[in-house]
Amino acid sequence: MRFETPFTSFSKRTKIPWNWLLLPLVALAVLAWVVGPMQQGDKLDNTDTQAIMKANFLFHFSASNEWPAETKAGPFRMAVVGNERLFDELIDKYAMKSIGAQPLEIVSFDTDSDMQAAGFFHLIYSESSGTELEKLALQWKSHPVLLVTDTESALERGSLINFVAVDRRLRYEINAKEASKKGVLIGSRILSWAVNSGK
Amino acid sequence: MKQGMFQAQCGRWALVFVLSLGIAQASFGQAIVERAMALGQAGNWDDALQTLLPKMATTALQSDPHSWYVLGFIQKELYKTTQRNDADSPFRLEAVSSLQRAWELGPSRDDGASIKAALDFLARSYLSDAVDRVDGFTIDSDGEVLALFGRYEALVKTMNPAADVSVQKADVYRYLGLANGQLINGLVGAQLEREQTLFDRSVSHYESALKLTPGNYSGLYNLAITQYNQGVRQLKRIDHETSMFELMEIQDACVSLFEQALSPMESAHKVKPKRFETLKGLMTIHYALNQSEASERYRRMLDGLNGKGR
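Read top to bottom, the protein sequences are chains A and B. If you read the first sequence in the working numbering, its first letter stands for residue 1, the second for the next number, and so on. If you read the second sequence in the working numbering, its first letter stands for residue 1, the second for the next number, and so on.
Extracted from the complex, chain A is given alone in its bound form:
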């Protein structure tokens, strides 16, 4: 009996090619054909995870601390130096949001020196380290500027808030006393989440 064409000889028992052993191969081929192109699966999400976290922290640093009254006219100005992806994240989610009565203005710079002619900023995030950072801190020493960084020993070099990795998480350390001297009062909520607020 021919199996696929039963009309030819239903009762005549002719032998058929025995393809049973080929079954696994056929099945594999079918699956490979369908699944093969998709084996690679989902693509890795290239979103900058640290930028998302930092952007939200910076927004909270802006919204939950207190600046002197003379800085409350006009927009609340934030500068981001040397981190384009952080700037993009801030623009995407936080630009023109209100900091008190002030609209948030975010500006990006490649280097600290590019920022010199851009006027006052309430908050500066810079990725500078070492003497560059010291220079930046010195430049804004007598102004109520919250300098935020992400580098080792940054508080010793004049930063007021520095991002640190603790237990695989992004946290921050604060130099609240120095901030206070400059006229920036660190809010209790910000202090409570800092890993080191004693300085």
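No wet-lab data here; the hints were simulated from the structure. Keep in mind that this is a model prediction, so the values were computed, not measured. Treat the hints with care, since some could be wrong.
[Unchecked claim] Below, computed lysine-lysine pairings styled on BS3-like, alpha-carbon distance capped at 30 Å:
{"no.": "1", "chain 1": "B", "residue 1": "Lys157", "chain 2": "B", "residue 2": "Lys274"}
{"no.": "2", "chain 1": "B", "residue 1": "Lys236", "chain 2": "A", "residue 2": "Lys93"}
{"no.": "3", "chain 1": "B", "residue 1": "Lys280", "chain 2": "B", "residue 2": "Lys211"}
{"no.": "4", "chain 1": "B", "residue 1": "Lys236", "chain 2": "B", "residue 2": "Lys157"}
{"no.": "5", "chain 1": "A", "residue 1": "Lys43", "chain 2": "A", "residue 2": "Lys141"}
{"no.": "6", "chain 1": "A", "residue 1": "Lys141", "chain 2": "A", "residue 2": "Lys177"}
{"no.": "7", "chain 1": "A", "residue 1": "Lys97", "chain 2": "B", "residue 2": "Lys80"}
{"no.": "8", "chain 1": "A", "residue 1": "Lys43", "chain 2": "A", "residue 2": "Lys135"}
{"no.": "9", "chain 1": "B", "residue 1": "Lys80", "chain 2": "A", "residue 2": "Lys43"}
{"no.": "10", "chain 1": "A", "residue 1": "Lys43", "chain 2": "B", "residue 2": "Lys272"}
{"no.": "11", "chain 1": "B", "residue 1": "Lys211", "chain 2": "B", "residue 2": "Lys270"}
{"no.": "12", "chain 1": "A", "residue 1": "Lys43", "chain 2": "B", "residue 2": "Lys157"}
{"no.": "13", "chain 1": "A", "residue 1": "Lys182", "chain 2": "A", "residue 2": "Lys72"}
{"no.": "14", "chain 1": "A", "residue 1": "Lys182", "chain 2": "A", "residue 2": "Lys141"}
{"no.": "15", "chain 1": "A", "residue 1": "Lys72", "chain 2": "A", "residue 2": "Lys43"}
{"no.": "16", "chain 1": "B", "residue 1": "Lys270", "chain 2": "A", "residue 2": "Lys43"}
{"no.": "17", "chain 1": "B", "residue 1": "Lys272", "chain 2": "A", "residue 2": "Lys93"}
{"no.": "18", "chain 1": "B", "residue 1": "Lys236", "chain 2": "B", "residue 2": "Lys280"}
{"no.": "19", "chain 1": "B", "residue 1": "Lys280", "chain 2": "B", "residue 2": "Lys270"}
{"no.": "20", "chain 1": "B", "residue 1": "Lys280", "chain 2": "A", "residue 2": "Lys43"}
{"no.": "21", "chain 1": "A", "residue 1": "Lys72", "chain 2": "A", "residue 2": "Lys181"}
{"no.": "22", "chain 1": "A", "residue 1": "Lys135", "chain 2": "A", "residue 2": "Lys72"}
{"no.": "23", "chain 1": "B", "residue 1": "Lys274", "chain 2": "A", "residue 2": "Lys43"}
Once you have looked at the hints, place chain B on chain A.
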């Protein structure tokens, strides 16, 4: 003496009667089968079924492998002609049952080969249906795909108990993992519960695949990506309305997912140490876990590849 001879004579007649009855029944059964076959040859599969099926309960046919084979063949043809697009086709199920019965009863050599071929066809039809469901995967159809593959697997093992379909099964699981992951990307708006369900299913499918084929590169890599991307998905929900407390909670959840992703990604890297995407994955996961030194180490390895393996 005469009475004894009479009794013996009666016994002989009874035996002849019983034998004749059996022969008559067998002939009757054979005639039914032949009639059904003729109807089938003419393409009247419905009539063929109606002719044979009601008689299958008779003693002569019930234990006849050829009759069961013919019945299974008719049911298979009815499946092909009327229920081909029905994954739950009753005719297909009945055909499988009849053909398996024929096989168990010990068919002739020729019938045996045809039964195998018929079961082969039906097994492939289940696999084909499973592949179709996988190809046009829709939400919540995991069970349907696995059931169809399960029938395929059962049939293969009916004919060859030593058959190993674990590689194919792992492929199906892997694809289900991928399909669920892709459905998450297609969700519109905040459907957190649905997203979590799909994510859990995706991970579960990948884990099932890895149990069947441990050390499979695609399974390990895709599992890691699924877990990592789910963490990023949580992070992306952070906005100006997220409180510090919520931020910390989200970060904890993400770190947990990134940590889960790290293990399979490292295993995938061990399987294929020169693969670009795995090195990139490790670099990215360590970055997300704020482990800058480890991230940099993999970045340097990527640089060392000079684009090889892309």
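Now the hints, each set against the structure:
no. : hint                : in the structure
1   : B/Lys157 - B/Lys274 : 39 Å, violated
2   : B/Lys236 - A/Lys93  : 10 Å, holds
3   : B/Lys280 - B/Lys211 : 25 Å, holds
4   : B/Lys236 - B/Lys157 : 47 Å, violated
5   : A/Lys43 - A/Lys141  : 46 Å, violated
6   : A/Lys141 - A/Lys177 : 13 Å, holds
7   : A/Lys97 - B/Lys80   : 64 Å, violated
8   : A/Lys43 - A/Lys135  : 42 Å, violated
9   : B/Lys80 - A/Lys43   : 40 Å, violated
10  : A/Lys43 - B/Lys272  : 18 Å, holds
11  : B/Lys211 - B/Lys270 : 17 Å, holds
12  : A/Lys43 - B/Lys157  : 37 Å, violated
13  : A/Lys182 - A/Lys72  : 15 Å, holds
14  : A/Lys182 - A/Lys141 : 7 Å, holds
15  : A/Lys72 - A/Lys43   : 45 Å, violated
16  : B/Lys270 - A/Lys43  : 20 Å, holds
17  : B/Lys272 - A/Lys93  : 39 Å, violated
18  : B/Lys236 - B/Lys280 : 20 Å, holds
19  : B/Lys280 - B/Lys270 : 14 Å, holds
20  : B/Lys280 - A/Lys43  : 11 Å, holds
21  : A/Lys72 - A/Lys181  : 18 Å, holds
22  : A/Lys135 - A/Lys72  : 26 Å, holds
23  : B/Lys274 - A/Lys43  : 18 Å, holds
Checked against the numbered hints given earlier, this structure breaks hints 1, 4, 5, 7, 8, 9, 12, 15, 17; the rest are met.
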